[in-house]
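Construct the entire structure; sequences and hints are all you get.
This is what each chain is made of:
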Amino acid sequence: MDLRYKADPPNIFEMTAISPTRPRRRLSLRQQDARTAWLLVIPSLVVILGVALWPIIYTFILSFYHAPTGINQVRTFVGLGNFIEMVKDQTFWETIGRTMYFTVASVGLEMVLGMAIAQLIHFHPWGWKFLRFCLIIPWAVPTIVNGAMWRWIYSADFGALNSLFMQLGLIKHYIPWLTLPNLAMPLVILADVWHMMPFVALILQAALATLPIELDEAAAVDGANAFQRFWQIRLPLLRPAILVALIARTVDAFRVFDIVYILTSSGPANKTLTITYLTYLNSFPWGKQGIGAALSFLISIFTISMALIFIRFLYRPEETQ
Amino acid sequence: MMVYLKLLRKLLLFLFTLPVFFFIFFPVLWLFSASLSTQVELFAIPPHWIPQHPTLQNYLDIIFPSLATSSVPRTYAVALINSIKIASAVTVISIGIGSLAAYALVRIPFRFNRTIQLGIIATRMIPEVSLILPLFIIASSLRLINKPIVLIVTYMSFALPYAIWMMAAFFQTVPIELEDAARIDGCTRPGILFRVVLPISVPGLVSTAMFTFLLAWDEFFYALIFTSTLAAKTAPVAIAEFVGRYAVNINGMMAGGIIAALPPVILALIFQRYIVSGMTAGAVKG
Amino acid sequence: MHTLNRIALMAVAIVLVISIVGCGPQKPAGPVTIHILTMDQAGLKPAEIDQIARDFEAQNPDIKVVMEYVGYDYVHDKIVTGMAATPPAYDAAMIDVIWPDEFIKAGYLLDVTDRVTSEMKSGMFPASWNGVARNGRIYGMPWLMDVKYFMYNKDILQQAGITEPPKTWEELVDQAKIIKQKGLVEFPIIWSWNQKEGVVCDFTVLLFGNGGAFLDANGKPAFNNEKGVQLLTWMKQTLDDGLSNPSSVSSDEGAVETDFLAGKSAFAVNWLFQYSDSNDATKSQIVGQAAFAPMPVFEDGAAAGIKGSSVDGSSSFAIMATTPYPDQTWKFLTYLASNEVQIKYSAEMLPIWQNDFQGDALANLLAATPTNPVTVPAFLAQFPYANERPTVSYYNEASAALQLAIQEALTGVKTPQQALDEAAAKWVELAGE
Chain V
1 MDLRYKADPP
11 NIFEMTAISP
21 TRPRRRLSLR
31 QQDARTAWLL
41 VIPSLVVILG
51 VALWPIIYTF
61 ILSFYHAPTG
71 INQVRTFVGL
81 GNFIEMVKDQ
91 TFWETIGRTM
101 YFTVASVGLE
111 MVLGMAIAQL
121 IHFHPWGWKF
131 LRFCLIIPWA
141 VPTIVNGAMW
151 RWIYSADFGA
161 LNSLFMQLGL
171 IKHYIPWLTL
181 PNLAMPLVIL
191 ADVWHMMPFV
201 ALILQAALAT
211 LPIELDEAAA
221 VDGANAFQRF
231 WQIRLPLLRP
241 AILVALIART
251 VDAFRVFDIV
261 YILTSSGPAN
271 KTLTITYLTY
281 LNSFPWGKQG
291 IGAALSFLIS
301 IFTISMALIF
311 IRFLYRPEET
321 Q
Chain U
1 MMVYLKLLRK
11 LLLFLFTLPV
21 FFFIFFPVLW
31 LFSASLSTQV
41 ELFAIPPHWI
51 PQHPTLQNYL
61 DIIFPSLATS
71 SVPRTYAVAL
81 INSIKIASAV
91 TVISIGIGSL
101 AAYALVRIPF
111 RFNRTIQLGI
121 IATRMIPEVS
131 LILPLFIIAS
141 SLRLINKPIV
151 LIVTYMSFAL
161 PYAIWMMAAF
171 FQTVPIELED
181 AARIDGCTRP
191 GILFRVVLPI
201 SVPGLVSTAM
211 FTFLLAWDEF
221 FYALIFTSTL
231 AAKTAPVAIA
241 EFVGRYAVNI
251 NGMMAGGIIA
261 ALPPVILALI
271 FQRYIVSGMT
281 AGAVKG
Chain Y
1 MHTLNRIALM
11 AVAIVLVISI
21 VGCGPQKPAG
31 PVTIHILTMD
41 QAGLKPAEID
51 QIARDFEAQN
61 PDIKVVMEYV
71 GYDYVHDKIV
81 TGMAATPPAY
91 DAAMIDVIWP
101 DEFIKAGYLL
111 DVTDRVTSEM
121 KSGMFPASWN
131 GVARNGRIYG
141 MPWLMDVKYF
151 MYNKDILQQA
161 GITEPPKTWE
171 ELVDQAKIIK
181 QKGLVEFPII
191 WSWNQKEGVV
201 CDFTVLLFGN
211 GGAFLDANGK
221 PAFNNEKGVQ
231 LLTWMKQTLD
241 DGLSNPSSVS
251 SDEGAVETDF
261 LAGKSAFAVN
271 WLFQYSDSND
281 ATKSQIVGQA
291 AFAPMPVFED
301 GAAAGIKGSS
311 VDGSSSFAIM
321 ATTPYPDQTW
331 KFLTYLASNE
341 VQIKYSAEML
351 PIWQNDFQGD
361 ALANLLAATP
371 TNPVTVPAFL
381 AQFPYANERP
391 TVSYYNEASA
401 ALQLAIQEAL
411 TGVKTPQQAL
421 DEAAAKWVEL
431 AGE
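Chains as they are written, first to last, in this note's numbering: chain V, 1 to 321; chain U, 1 to 286; chain Y, 1 to 433.
For the record, the hints were derived by calculation from the structure and aren't laboratory data.
Any given hint could turn out to be false.
Some chain V residues near chain Y, calculated using beta-carbon distances under 7 Å [said to hold, decoys possible]:
| no. | residue |
| --- | --- |
| 1 | I71 |
| 2 | P176 |
| 3 | A219 |
| 4 | G267 |
| 5 | F284 |
For every residue, glycine included, the Cβ atom is placed at its ideal position computed from N, Cα and C.
Here you go:
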């Protein structure tokens, strides 16, 4: 905040007076602007920092301690000990790898499907309003129900998937889907894509809706075909929305927990164990809060890095003046 | 000939929408079918796509609590109302204060602008499970456990950063010329925000509101740990209660799931037209 | 400034919204209020426990009882977070038989050895104290006794021409082969082998039935000796032979029940709830067909003198160490465990007092529900053989390692020996921490 204001403390009554001829201090437009900016930003800052700041600091500090759960437990400072222990653990790296696999596949599918569906809606085929309305449904079903529902669809003896494939003649025997080590993660990915793809579709569709129609028409007149219009005209303009959807989904997919907890409990044989699940296991059932905190930080480092990478490559700031 | 081609195009597009509908609805119809079945029917082999003995009992147990034998359905309606209250409060406040911050961060140059942007996003990077314990300690010492306010405030701390960031992206797509024109006409910065940018960004705001609402709606772990009784219990926690120690009341859970999906869907229906109205606004050039 | 007006107005609106929506009911001052956390649907229904609480309050007007019900999966987490606060969120909580060591080390449980009367100690089933007694000290009150039972489908066995249920697991395999050959069911046996505690419960049943043990006399892991490897190989073999349902690897106890109750399996190992559900027509397609048999053992185990084997899955109530109201809480727990309450609800949950299973009391107990004449003798026959899982403070993480090992062996990712050795190494590492 600009220190020049300190010399002239604000007069609340003056400032809130509705009279149109109240005296104005002589501030440059830029300074006035900056002050407005602070006023606009402060309520949000207060909420976010007020709630999250201390817990984040607490967790950060805890990650440097050996901190077993308990009332009379002694916490010993171990410096980077927790981080080193994690980095030396094979399970940690396998889990990071698995989580990356989940994230890339899940987000990739969601972005592609979401874009396709958003574009489809944008073309206004018959029933497009109904389609857009129905998109909300998978997203509105709470994750708990989503997990239970997919668990049951994948059920070996009673599941709809087996029944459907059997009737379509694709399989001869019912398959115990969730017990197959290499298939388990794709199944979780499918459940997550079904649930979250609407989010991407709706963001992109809203962004498409605000694009000026003239650009598209002008390009058509200039002889650009449909694909060129999409790739060279619409896509770049959608960049901010794509960036938001991409980062939001990537960060959330990397930290996925709920759906794995309900659908597979990290099985079979840890094949669906994700990094947040590992963090949960350490912090709660296994009572190792120092490690849990260290893992949280490692996760944050990963997600921040990913977000920064996306921003680096995709962010083209608009003019702000 | 042109008309014929146009019709063909429409037909082709429609054909593309069919698989999308199937993908969306196949699980949902199954969900719906389960909610109308009894447990024994659910596990019939081969599965009955349409229940042969459909029953509304699962829904009745939830909607008319006095008929229920188990306490779980009885409490569900209350939990649902809690969810609605909490998610609405989170959404309204987040959009309210978040839109202000979002605009300031993308359009107004000031010191620490970049820092604040990064800081806001960074707070969202930590997995929520990690923050539960310290938050619980704070909430407990403030005697806020099991009150809706604690969930509202906690959810805002994760919903706000996203809401701000999403709205910022939408604000960025508003042509800068419109703002410049307003400035020339003598508008103050706040004036630009409220009179030019916000009205045009309605589709974006509505999308953000939907996202925020669903974020709060879907949240489970915090609701589980921070609430104990119906005073503040939310729908996902109530649904989790359909999971008994060993056996899951799947039919009840599916019925509960359908009912839980209704409020967001109804809200989407109501606010759909605001997304539509934005389309024409975007075409206006200054 | 205009902006400031708007912002101030918005702030006031927000505060109003928050105070209207946010604040819950204020707690009245007056009598002492104790908070008890318990598992949903464990023994008695919440409505019944609430009734007990109301009856208690009527007798003790200065104590108010607030019960909280959550699913089993979440109780542990709620206890841990609850205990992080001061005063603790709960004065007492229901604890699973595998948690006392961890909680005692964490300082969560109140030592109530001096409050327990000798009448309680001798009157209740000795094995029911396993969930709360360590090193001669007692940390809670027994509540719900449960073991895993061996159940079979009478009709299927009859159709296969089998007259007696199997006494050994080897016999089970033979019978299962006959049933499968005759085409009566595709997979005669169903287990709860998914990556949760359930698989360790099943493993416990089988391990002790083979004459094995988790830890040897020095406290070192023994489950990876030839007995453990043998039985894990046996488990995998039944899957490969198509005798055990392949979906066992992703099934929990609920899924086992579903399968059994749909008539898709002939044999199922499960907790008591499966039997009463099997006679519920809204859930079961095999009403009247389920029966108990003593849990089989392995031939090697029988030769070594093992007569029976099961796993203890009981729950108890424990008082939290930092509660401001230990006396009132103990009073309530005593009431819960009292003979009068136990007898009143014996239709839902077996009483913990031994003399309720003798003489006239037994007759009353048997008459209390249509299923008791079957379940009570089954309980009396099986409970004495309930084995405990290792009573170590790092049990949760140790169990997770064992779950992983079993799953890896069953899915063929590793050989049984390899998997169990790695789990054993992990146990040693955990013991050292």
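Hints, verified against the model:
1. Interface hint status for I71(V): upheld, as the beta-carbon distance to the closest one in chain Y is roughly 4 Å, under 7 Å.
2. Residue-level restraint check for P176(V) holds (minimum Cβ-Cβ distance to chain Y is 4 Å; threshold 7 Å).
3. Here the hint on A219(V) is broken, as its CB sits about 41 Å from the closest CB of chain Y, past 7 Å.
4. For G267(V), the shortest C-beta to C-beta distance to chain Y is roughly 3 Å, which falls under 7 Å, so the interface hint holds.
5. A hinted interface residue such as F284(V) counts as satisfied when its beta carbon comes closer than 7 Å to some beta carbon of chain Y; here the least separation is about 5 Å, so the hint holds.
Going down the numbered hints, you'll see the structure goes against just number 3.
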